[in-house]
Amino acid sequence: MSKEIVQLGKYVSISYVIRDQEGSVVEQHDLPIGFVYGSDTELIGGMDKAIVGKAAGDEVEVSLAPQDTFGEHDPELTFTDDLENVPPQFRHVGAEVQMQNDEGETKT
1 MSKEIVQLGK YVSISYVIRD QEGSVVEQHD LPIGFVYGSD TELIGGMDKA IVGKAAGDEV
61 EVSLAPQDTF GEHDPELTFT DDLENVPPQF RHVGAEVQMQ NDEGETKT
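As numbered in the working numbering, residues 1 to 108 make up the sequence shown, in order.
In short, the hints are calculated from the structure, not lab data. Some hints here could point you the wrong way.
Pairs of lysine-lysine residues, derived as DSSO-like cross-links and limited to a Cα-Cα distance of at most 30 Å, are as follows [as the list claims (entries may be wrong)]:
id : residue 1 : residue 2
1  : K49       : K10
2  : K54       : K3
3  : K49       : K3
4  : K107      : K49
5  : K54       : K107
Using the sequences and the hints, build the whole thing.
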């Protein structure tokens, strides 16, 4: 039996790891994310284009430029605080915190 190939209209599920230039994990999805290839769903940095024509089970490595993903590092968007000011439940790697910006939008 031949493997399914990624093409327009096919349901695809992927799991992925995004690493920075130093190899540190920035984002990881171990549970597959599903979408119909060619629909309105776009993956970050055009990763969807990298999987077209691939077979089920294939591993694909893609290098993406910062402007195609989250953008260049902006020190203005980073702040440092004392650990004592962070609630205990958020003091571990991978903790997600929801915050609200000046416009009232909630961000994770």
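A quick look at each hint next to the structure:
Pair hint K49 plus K10 holds up; C-alpha atoms about 14 Å apart against a cutoff of 30 Å. Proximity of K54 to K3 is assessed by CA-CA distance (about 9 Å); at most 30 Å being required, the pair is judged to hold. For the hint linking K49 to K3, the alpha-carbon distance of about 19 Å falls within 30 Å, and the restraint holds. A hinted pair counts as satisfied when its Cα atoms are at most 30 Å apart, and K107 with K49 qualifies at roughly 28 Å.
Taking the CA atoms of K54 and K107, the gap is about 34 Å. The hint is violated against a cut of 30 Å.
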